[in-house]
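Asks: Chain by chain, the residues:
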Amino acid sequence: MAETIIAREVVKRYGSVVAVDGVSLSVGDGEFFGILGPNGAGKTTLVEMMEGLREPDAGSVTVLGEPVWPRNTKLLHRVGVQLQGTSFFERLTAREQLATFGAVYGTPASRIDEMLDLVGLTDKASTRAEKLSGGQAQRLSIACALVHDPDVVFLDEPSAALDPQARRNLWDVLRAINERGKTVVLTTHYMDEAELLCDRVAIMDAGTILQLGPPAELVRGLGAPVRIAVDAAALGQDRAGEIEGVETVSGDGVSTVMTTRRPAPVLQALAGMDALAGLQVRGATLEDVFLQLTGREYRA
Amino acid sequence: MSQQGKSRGFTSLSTAMFKSFYRDWLSVGFSVFFPLFFIIIFGTVFSGSSPSAPTVIQVGPVPVIDQLPAEAKAALDEAVHIEPGTTLDAALAQVQKGDAGGAIEQQGNTLIVHYSSADQVTAATVQGIFNAFVNEANIAASGVPPTYALQSEQVEDQSLKPIQFIAPGMIAYGIAVGAVFGAAMTLITWRQKQLLRRLRLAPVSTGTIVTSRVVVSLAVALVQLALFIGISILPFLGLKLSGAWYMAVPLVIAGTLAFLAIGLFVGAVAKTQEGGSGLANLITLPMAFLSGAFIPIESAPVWLSTIGKFLPLTYLVEGLKDVMVRGEGPQAALLPIGILLAFAVVVTFIATRFFRWDSA
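For the protein sequence lines, the chains are H and Y, in the order given. Quick note, the first sequence lines up with residues 13 to 312 if you use my numbering. Quick note, the second sequence lines up with residues 114 to 473 if you use my numbering.
It is worth saying that the hints were derived from the structure and are not from the lab. Since this is a predicted model, take the numbers as computed values, not measurements. Backbone N, C-alpha and C fix where the C-beta goes; we use that ideal spot for every residue, glycine too. It is possible that some hints are incorrect.
With a straight-line cut-off of 25 Å between C-alpha atoms, the simulated DSS-like cross-links for lysine-lysine are [stated by the list, open to error]: (1) Y:LYS306 / Y:LYS384; (2) Y:LYS132 / Y:LYS422; (3) Y:LYS132 / H:LYS143; (4) Y:LYS306 / H:LYS143; (5) Y:LYS353 / Y:LYS132.
Chain H residues, not near chain Y, derived (Cβ > 12 Å throughout) [to be verified]: (6) GLU63; (7) PRO176; (8) ASN190; (9) GLN292.
So that you can see chain Y by itself, here it is in the shape it has in the complex (with noise of 0.2 Å):
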């Protein structure tokens, strides 16, 4: 067949393939809203988690705090916020109720805190921010310059606003759901309608069906790149992104066509339609788990994250957050490519032993 035929038939397959994909609402749900839904809410719920200022009630005078100079009041400000209370024992109830991080009195040269354990992490800074603050008002009652100074700077690139996680893991989940099920489903409806066989009467090779499958769900797998990169840098979920984000690109391909290949295993395993999705979400969602695409996995015991090691979507989620949030350089992403491709290879292979032209 002519070259201009042979790319009629590509070009006309691909764009059957693609209709087919954005028709159908529940495929483009779990690719592009599911994950574009996370983002958004985990982006703004835990937005602020330098968390905010925890207020602090301040029972009777304290005048280790009143007498400050305008200067260190405004600094002290910035890190609790203290509210004017009326009685201890009102102010204690507050605490306990989780209303109030903590309550401070004064009793002679004492400074007392009141805290509740009920919440760890209030009551650890409420505690730390007064006793530097007694530290300090200490050095300042003696005269003497302090010898030391404590400067304290973040690890990571910018701030530690969980966007910076999430929005890799989810760009990583939304191509790895559109890519499994994506090929898996072709695969299946195309031999359950006979579409399959129907092709095999076509002049139509087999590489030309595969290549417009691969091309297709590449071209979905940037397209949903680029809006999960667009959403998460607006202003309201503001993710950072670090110098070498671009290799997310390279990173992506070859992240889809290690997911493709799952899809034709998949594809080729199921006969049905019931059985095909099923597969794929039993792969798919303890894989996201696994993986850290949904929560750090760093936190998780070391046997989970051994099983991780063998999961493809590791590899992405660890790629995107090495070069989008950790300022890693382009090389970074070079042996989460290299295992992709293998595993896309290997996978792939074994698709094949499995596939049918026809469900009977």
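Chain H on its own, in the form it takes in the complex (with noise of 0.2 Å):
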């Protein structure tokens, strides 16, 4: 897989805060690549220097094979990006805020349909973008970023103050960007998302990277516990002690919780005990994996 975006040693300290602190990483041709972390990681502005808005005050970063940085206008017309917050010209549409982007990208005004029916927002098309809920705004958002079809899209924590039905529908259409071939960079505080849609997630905290990988090769690294959960009614905690494998136990008199490392020997005992009503199986996540790395719990 060829590297689209690389980025070497690259620092940036804002007066004595140390924003980002000598990051490295690679990002593949047509990859799902997360950054992850809580506010203040300075995931924002190690993505901002990914995309050439940003000087590092050491280190570098490629795209394409371009160097990003200063300004370069071999990538403008093959990067696609979305800042955080949404960025639109006051008191016009959705469809006029497309048609103006798009005019300075020098697109065939036809993309502005084909953008409008991928983000789901044909129907608001006449709708001016102060007037938009904010998952819409997020959509018309990332339309806009794509509206010149880069090859690489960067987008910086699009689902931020989304609501949950909202978010599913950005993740069906950041999904689809991604099925089209485009590298896609994000940004997000929220371990599903990553989870969910990304082929590699980078754990960012305090301007460092501390882990690099696919969500499960992290989750499985961790030797994690799996978590099972049947109807107090059906099994007492006294006797989900007794099954093999079993480690600990609690409850709350509503469910009983075991945790183990061998799930399948113990469904198997459960099914036979005919105790699996109410049945819950919970793997590690990747806050098991942030929890593990920085010694407290994940707050996004």
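Build the complex: two chains, separate frames, hints provided.
Replies: If you want it as structure tokens, here you go:
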């Protein structure tokens, strides 16, 4: 897989604060790459240096083999960006926003309808950007980043402040973009989002990358136990403790929760005891990875 | 990028800015309706400023007037409106209340004019009229033809109607407000919404963005000029343009550039929209008063008009008055145009020192 983005030892300081502290990473062609971390981790600063919007104090970034700083006109047509928040022209409708950005990039007008359709805003084409809901505005903002059909797309926290339904709609759009062969770099502070969408995730905190890899691999690397829960009525805590392979048992009167590193025999035993009512099986998540890496709970 | 691509970017940015201007009722209100409102209000309210003939109450017989030939009586009627009264006391009460400009009676060969000093202009008018009238009557009684004659002519091209001064002042004010706010708000909101940074990553040059803003502001200013003049010359307002009024077009263009520069400065310095509109008002409102856009500055104290000499609006107001109503030749606009352009260059340079792409 060809490397589309290469960052080498990138550093950015604001006064005495080191926002990004010597980050190196590479993103492959067509990859869906996530940068995950809490607010203030340095995600936006890092991604803005990758876009060519900020000058690194040290280190360098190349995209598609071209240096991104200073403003590289060769890249402008091939890179699409959505900055944190939404950047629209005041008092223009969704269609007019796309038409204006499209004209700046010299793309054919036919792309506008295609983009509106892609992000599901065809029926909102004549609505002014200010009147769109949060989710609709984010999707329009993404459409504006894609209007010139770039090869690389940077999206900075596109799902921030969206309700669950709007986030799910957005995920569909992001997947569709990646399926078109675009390289996508996404920053997010939602664990589930990174886990669900990204081929690889860089977990970032305090300006450095703590770990980088496919989400499943990061989680497996933890060796964290699987949590199995069933109705307390179907299985009491005392009986649960007798099942072979169960490491810990806890409960709240409604359900009984067991942890195990060998879920298969435990589930078989539960089936044999006819104690599968209300069954929930939950593996470790990126949240557990973050907890493991930083020693503190993940708070977005 | 190709020439065609460049012009598409320019056209689309200009279109976007123009749409966001005319869809914003607040800025349209301040730069178009507000000045228009003042032109109409002041133009109609004060329109009869060649003041209407004062009413004078005649008490008892006044032979010197009653025996006038019809022709002379008509001439007098143009200057004063004489109404018959009942008693002297009633007439004096009316004068005191301001309902009548004066009261006259005749005792023997003396014509007595009663006036109130509350309204000094009317009092002086009434006294002047009857003073002249009595003088003429004396000359006529002597039977000698008059040796000297007086003919009075106004200095200004046409009438002294206030619209002649209100229209150029308001045109200048509307254009100043439109350009200052237009440039400042575009810069501030685009920076706040990260649109400026977003456009940094689009294939469009800073020059193209600035040129679009300048072209949109010039177009808006010329529309304002056409609208304000078009309405002011309607019969009910009655603006009379003098010969070189077309020089208002280059004056307005130079003025718009100067005020765009101020707007750029405001937009570069202010961080929020509220701060920006506050600062823009803080600059445009006092400037409008000190430059004589609202009130004639000629009657103000010297130190005030000295401050005015440092304000670009003064040169736009004076330039517009010179060519639109004072009947000066086209060359009268050249100095104001030069000063406005120089101002634009200097302030733009200062504004670029403060300019930032992002609000962080």
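Asks: Hint by hint, say whether it matches the structure.
Replies: Results for each hint:
1. Y:LYS306 / Y:LYS384: holds (12 Å)
2. Y:LYS132 / Y:LYS422: violated (36 Å)
3. Y:LYS132 / H:LYS143: This hinted pair holds, its Cα atoms lying about 16 Å apart.
4. Y:LYS306 / H:LYS143: holds (15 Å)
5. Y:LYS353 / Y:LYS132: violated (34 Å)
6. GLU63: With a cut-off of 12 Å, GLU63 (chain H) comes too close to chain Y, as the shortest Cβ separation is near 6 Å.
7. PRO176: holds (26 Å)
8. ASN190: holds (21 Å)
9. GLN292: holds (42 Å)
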